Amino acid sequence: MSGDVAPQLEHLLRQALAPVEPPDDLALRLERTLQSLSDLAAEELESWELRAMRDPRNWARPAAAVVVGGAAGAALVVLRARRHHPAAPARSGIGGARDVAERALRDVGTEARRVIRRG
Amino acid sequence: MTESKSKRQLDDEFSDLYRAHLRDVYSYAYYRVGNHHDAEDLTEQTFLQAYRHFERAQRESEGRPLRPWLIRIAHNLAANLYRDRSRKPSAPIDDTTTLAAVHTTEELVEGRDELARVLEGVTQLPDDRREALIMRFALGMDNREIARALGRSDGATKVLIHRAIRQLEGIIATEAEGTK
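If you're matching them up, the sequences are chains F and U in order.
Position 80 (the first sequence) corresponds to 79 in numbering that gives the first Met the number 0; numbering is contiguous.
Position 109 (the second sequence) corresponds to 108 in numbering that gives the first Met the number 0; numbering is contiguous.
Each statement offered as a hint is correct.
Across the chosen pairs, the derived CB separations fall in these ranges: (1) A5/F x A78/U: 24 to 32 Å; (2) R58/U x A5/F: 37 to 45 Å; (3) D153/U x E9/F: 14 to 22 Å; (4) P6/F x E174/U: 15 to 23 Å; (5) E174/U x P22/F: 25 to 33 Å; (6) Q34/F x D112/U: 39 to 47 Å; (7) R162/U x L27/F: 39 to 47 Å; (8) R13/F x P64/U: 15 to 23 Å; (9) L27/F x T178/U: 39 to 47 Å; (10) P6/F x R111/U: 19 to 27 Å; (11) E119/U x D24/F: 28 to 36 Å.
Covered by chain U, per the in silico footprint, the following chain F stretches (three or more residues, Cβ under 8 Å): (12) 6-17; (13) 22-36.
Calculated directly from the structure, the hints in this document are not laboratory data.
Computed from a prediction, not measured in an experiment: that's the story for all the values here.
Just so you know, even glycine gets a beta-carbon here, dropped at the ideal spot from N, CA and C.
Let's have the full structure, built from the sequences with the hints guiding it.
Listed below in structure tokens is the structure:
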């Protein structure tokens, strides 16, 4: 360091780069997300097999599990899953909606399993 | 059930880690990316990735603090962010917002210009030097922690910080000359 300049600069750096408090809503959102991920039992997630996803009668159960986990957490996982299909073309009609729902649930299951899996 | 108890313990420990270091990760993210929007996203992604790999990180840390590991995750995610966007931050840190948010009125009246010059100088440093200064001065990390976060040796980190401060001195001096 050069003479007295560096200590003075270090003092200024401590002031200029003071820690920044995260916004309250970020802390709340993160805690809810982590809590919902934690709450989703691994056994439940393991049951989200693709073959089950093919039967529309099974869609309600995993979807309910996600909803119970917390809207914020579910939204975040869904958002992350959605990034895998950024250019998915918009489709209309019942068939298109079913495809989209099935794909979304599949992605949510994959993402959630990935997040919650330990080792 | 041993397995579920283990998971509960891990979750509790992760919760402690999260509470202890949320501000660190957010501060690092904010000074690294220069705006609150990206900093929030980076902080979220950092903790989600940390949660995914927490058990292994604990096992491999052999009792050492996990803050450098967390910051390393944020560091890698930030690098990916810029790689994806093929650019560095489009604007320097919002001096007005940051200074108003983290400093008292008295400090601002006394040294706002000086602090703004320092912040502006920091944004002009190369990435590795800027990051080292953020870790040292915003997070209060010591050389060993910074070395672990950046994947460098302790000696190389010491040199990196020394050179960062020297370069920052030069930038500020040049700016001061230019305004005379």
